[in-house]
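S.K.: Chains B and C: place on chain A using the hints.
Now for the letters of each chain:
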Amino acid sequence: MPASAARPRVPSGLKLLHWFLSGWTVLVFVFLYVPIAVLVAYSFNASRLNVVWTGFTLDWYRRLWNHAPLLRAAKNSLIIASLTTVLAVVLGTVGAWLLHRYRYRAARGIQTLVAIPMVMPEILMGISLLIFFATVGLGLGFTTVIVGHVTFCFPFVLVAVQARLKGLDPALEEAALDLGATPLRAFWLVIVPCLRPAIVAGALMAFTLSLDELIVTFFTTSAASATLPIRVFGMAKVGLNPMLNALSAIFIVATVAFVFFSDYLKKLNR
Amino acid sequence: MKSLHRMLAASLALGAASALSAKEELNLFAWSEYIPQGVLDGFKQETGIEVNYETYASNEELLSKLLAGGGAYDLVQPSDYAAEVMIKQKLLAPLDKAQLANLKNLGPQFRHLPHDPADDYTVPYMTGTVGIVVNTAVVKDPIRGFGDVFQPKFKDRIVVLNDNREIVTWALYTLGVSANAISKENIEQARPIVARWIKLIKVFDSDSPKTALLNGDVDLGVVWSGEAAILWKENKKFQYVLAAEGAHQFIDVLAIPVAARHKAAAHQFINYILRPEVSKLISDEFPYTNPNLEARKLLSPEQLANPASYPAGGKLETFHDIGKLAADIDRLMTDLKSGR
Amino acid sequence: MNAPVRAGPPGDGVGEAMEADDTPVPAAAELDRRKPRLLAWLLLAPLLVWLAGFVVAPTAILFVYSFCERDEVGRVVYHFTWDNYRRVFDPIYLHIFWRSILYAGLTTVICVVIGYPVAYFIARAREEWRHKLLLLVMIPFWTSFLIRTYAWITILKQEGLLNGFLQSLALPVAPLDLLYTPTAVVIGLVYAYLPFMILPIYGSAEKLENAVIEAAYDLGAGPLRAFSAVIVPLTMPGIAAGTLLVFVPAIGMFAITDLMGGAKVPMIGNVIQNQFLQARDWPFGAALGVVFMLMFAVTYWIVQRRGAQMA
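Protein chains in written order, with our numbering: chain A, 1 to 270; chain B, 1 to 340; chain C, 1 to 311.
Simulated from the structure, these hints should not be mistaken for laboratory data. Take these hints with a grain of salt, some might be off.
[Stated by the list, open to error] Okay, the calculated beta carbon distance ranges per label pair:
{"id": "1", "chain 1": "A", "residue 1": "Phe29", "chain 2": "C", "residue 2": "Met295", "range": "50 to 58 angstroms"}
{"id": "2", "chain 1": "A", "residue 1": "Phe261", "chain 2": "B", "residue 2": "Val138", "range": "44 to 52 angstroms"}
{"id": "3", "chain 1": "B", "residue 1": "His320", "chain 2": "A", "residue 2": "Ala224", "range": "33 to 41 angstroms"}
{"id": "4", "chain 1": "B", "residue 1": "Glu277", "chain 2": "A", "residue 2": "Ala68", "range": "17 to 25 angstroms"}
{"id": "5", "chain 1": "A", "residue 1": "Trp24", "chain 2": "C", "residue 2": "Glu127", "range": "20 to 28 angstroms"}
{"id": "6", "chain 1": "A", "residue 1": "Ala254", "chain 2": "B", "residue 2": "Pro36", "range": "26 to 34 angstroms"}
{"id": "7", "chain 1": "B", "residue 1": "Ala118", "chain 2": "A", "residue 2": "Leu58", "range": "36 to 44 angstroms"}
{"id": "8", "chain 1": "C", "residue 1": "Met295", "chain 2": "A", "residue 2": "Trp24", "range": "34 to 42 angstroms"}
{"id": "9", "chain 1": "A", "residue 1": "Val253", "chain 2": "B", "residue 2": "His320", "range": "50 to 58 angstroms"}
{"id": "10", "chain 1": "C", "residue 1": "Ser168", "chain 2": "A", "residue 2": "Phe258", "range": "46 to 54 angstroms"}
{"id": "11", "chain 1": "A", "residue 1": "Ala254", "chain 2": "C", "residue 2": "Glu127", "range": "54 to 62 angstroms"}
{"id": "12", "chain 1": "B", "residue 1": "Ala118", "chain 2": "C", "residue 2": "Leu176", "range": "26 to 34 angstroms"}
Cβ atoms here follow ideal geometry from the backbone N, Cα and C, with glycine treated the same way.
Isolated chain A, as found in the complex (with noise of 0.2 angstroms):
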């Protein structure tokens, strides 16, 4: 049967494949958003301490409006987040590349190092980062907290940009490099756009772990640059406030929000 032009066939057990695939994605989609549903629903809870449903209540919205400190707080995690992805994608992308284009002598033992923040547990990395920076001299603050971050996510950049890597084509830079590219060139516009889902994934991974890091920031902070883990754990003594909840709740429904809507603007404008 000769292939269509148009659309690639599709036989028939694919298609019982799809399905199959898009109802088990549904399944753990459910899985992954149920506990967010409980904790969006108990933003609404008129009881202070977050156990027991007793009313509803737009009560925690309006104090989180009003509490500087949490919200201060909910910035600098933000801040540190976004400025942690950052250099753990430039880090981490940039190393997988030159291990994997050149032959180091080296490179297994770098190999490990890299690995090495992923197992080292948060107490430890914690105390030994702050005893180093006591010892240089260097004060605790945003660039302390986000040296922590750092170190512990560009890791896991590294390896998912080293497993994309490995599936790539040799012959891609050297066509470039052929085509008259300089080797950065040829990696800026021909290595890193195929690069880019794994990119992506190691950025969502590395926002993800900056976002909810506690231990190591505990160590390597100032009052200044205090993060959202570090006040709500603290709250746990005096039950969890469900201003955290109301919290959550809305940076979950600005981003969800804004990725059904980004694209549906992005129509609009065009």
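M.R.: Chains B and C alone, transformed into the frame defined by chain A:
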């Protein structure tokens, strides 16, 4: 040339003036959720001093961060045994009592405590106890001590603090041994008791044991008085009692580290906290035991009636630092928990 | 086509070597291109400096501490001793190491099984949907960890939503006692690490050309065979990456066992944390950490070598 001199002089004067009028600040390193925002705001309004409030969630975090070389803080808020460690390691500065006129508001039972007998380094902030909380709607038996709590009929209905030293101390109390008389020998004596208890415990939780109780996943437990006080405020069915065999009283104190750069501001803050009306604000927000007797006069009857905030009787003891024995306790508990 | 079909059967031994990272070796004339010259080392310098400053140096500090003692007051005393390492090899701790590895392994396996189809689906979805779906996978984890976990507690507790749901279905099942059990811990672990399996697999599976799969069908393979013989091998780097990014951090995880397991069963992460906090025995904690990291480093080193030897 003359104009240059004049410019130099002017800039020097400006520099000096700005140094003098530089905003005083106070670097506070304290428990999160322990100093109400209202208190900090009030302090700033009155004195103009900016408070930089950095937080931790346990004494050990405080000690770790300080010992690893972190931050120059003006005021810290350790518990008694942590303060004792800091005093022994010469990390605390002696207080200038002349600047602390309001010390007289504190009850005499909270002065001259074992961790700081001469009250040279610390000022009590809030105190509490570790005791037994019971959901009396479900548990009808009278519960008076650890023996009553750890009965087979309550299997999987008990919550306790996730604090190794606490648990071993309770076991030792049932043997009639004082909290600070811990030794390698009696740690081993405690072993069979703790081993039996562990099988009955459903949840270990030092951060929020009230959660399991409110959820109805457990019916009784041994928790901080603060947790029990919050439970009682939520529902009077949660009663609190100090164990007959012995109970741990802890005092959280304010202290000034040796390396503090704003000692005067720190003293001002401590004196401010000791005012009855300010101390009342703290009690309003957090139902712990207030050592400030003048402040207690301002509390409502309901606040004073909270059995967890102001428990009756009990053989109270404060903890001392037990040095290397902490490692032995940790090893015992890890072994027992691991071998379930 | 940017995914070359794997090199053929293992070499007949004649002049065929494999690289440490598994790519086919180009002809000898081009070998030189891959040898790092000055520029290559210069470009790698930032990474090396970062590793030296923020990974090697802190690890060295821990290494030094692990040979020290602690004094009565809890300070670290620079007095050389093997004691800490001797204590590490106590059966109690070895047992805990092993348990942590088991939990991490189970979590990883479940994540692969659950996550692979999702990653594959997203990778093959329409262009404009791919990034949206990826974001949707990640967004739940931009909430605070504690709040998220408390939501799970609300669901899993005895009078929780899960039991409420099951009861409403009028099933003849007793209420599930899930919370504060190992099952709850595994649920929590899988929940926390699933995105870190889905994303790397997506990263390497994206743009798996239809043509390759069609070719497999044209050659007579059924869907199952196409899957196992073509699709899985091509996405293997992604699966390997996901395994690394889930298994390794999961071994050191302790917060979930504390919150959802009732802190009843200590993991190696708890034990190490305790040494620095409750027990204030930093040298012992450092020794535990060093052994833990060394075990990983050695295993990882060997796996890299094995990966090179496999055709």
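S.K.: Run every hint past the structure and note whether it holds.
M.R.: Hints, verified against the model:
Range check, phenylalanine 29(A) to methionine 295(C): about 36 angstroms between beta-carbon atoms, so the 50 to 58 angstroms window is missed. Roughly 50 angstroms separates the CB atoms of phenylalanine 261(A) and valine 138(B), a value that falls within the hinted 44 to 52 angstroms. Taking 33 to 41 angstroms as the suggested C-beta distance range, the pair histidine 320(B) and alanine 224(A) conforms, at roughly 36 angstroms. Taking 17 to 25 angstroms as the suggested C-beta distance range, the pair glutamate 277(B) and alanine 68(A) conforms, at roughly 24 angstroms.
The beta-carbon spacing between tryptophan 24(A) and glutamate 127(C), approximately 21 angstroms, falls within the hinted interval of 20 to 28 angstroms. Checked against the given bound of 26 to 34 angstroms, the beta carbons of alanine 254(A) and proline 36(B), roughly 30 angstroms apart, stay inside it. A beta carbon spacing of about 53 angstroms between alanine 118(B) and leucine 58(A) contradicts the range 36 to 44 angstroms that was offered as a hint. Taking the beta carbon of each, methionine 295(C) and tryptophan 24(A) are about 35 angstroms apart, inside 34 to 42 angstroms as hinted.
For valine 253(A) and histidine 320(B), the Cβ-Cβ distance of about 51 angstroms falls inside the hinted range of 50 to 58 angstroms, so the restraint holds. Range check, serine 168(C) to phenylalanine 258(A): Cβ separation about 35 angstroms, and the 46 to 54 angstroms hint is violated. The hinted range of 54 to 62 angstroms is not satisfied by alanine 254(A) and glutamate 127(C), whose Cβ atoms lie roughly 24 angstroms apart. Taken as a hint, the range 26 to 34 angstroms is violated for the pair alanine 118(B) and leucine 176(C), whose Cβ atoms sit roughly 58 angstroms apart.
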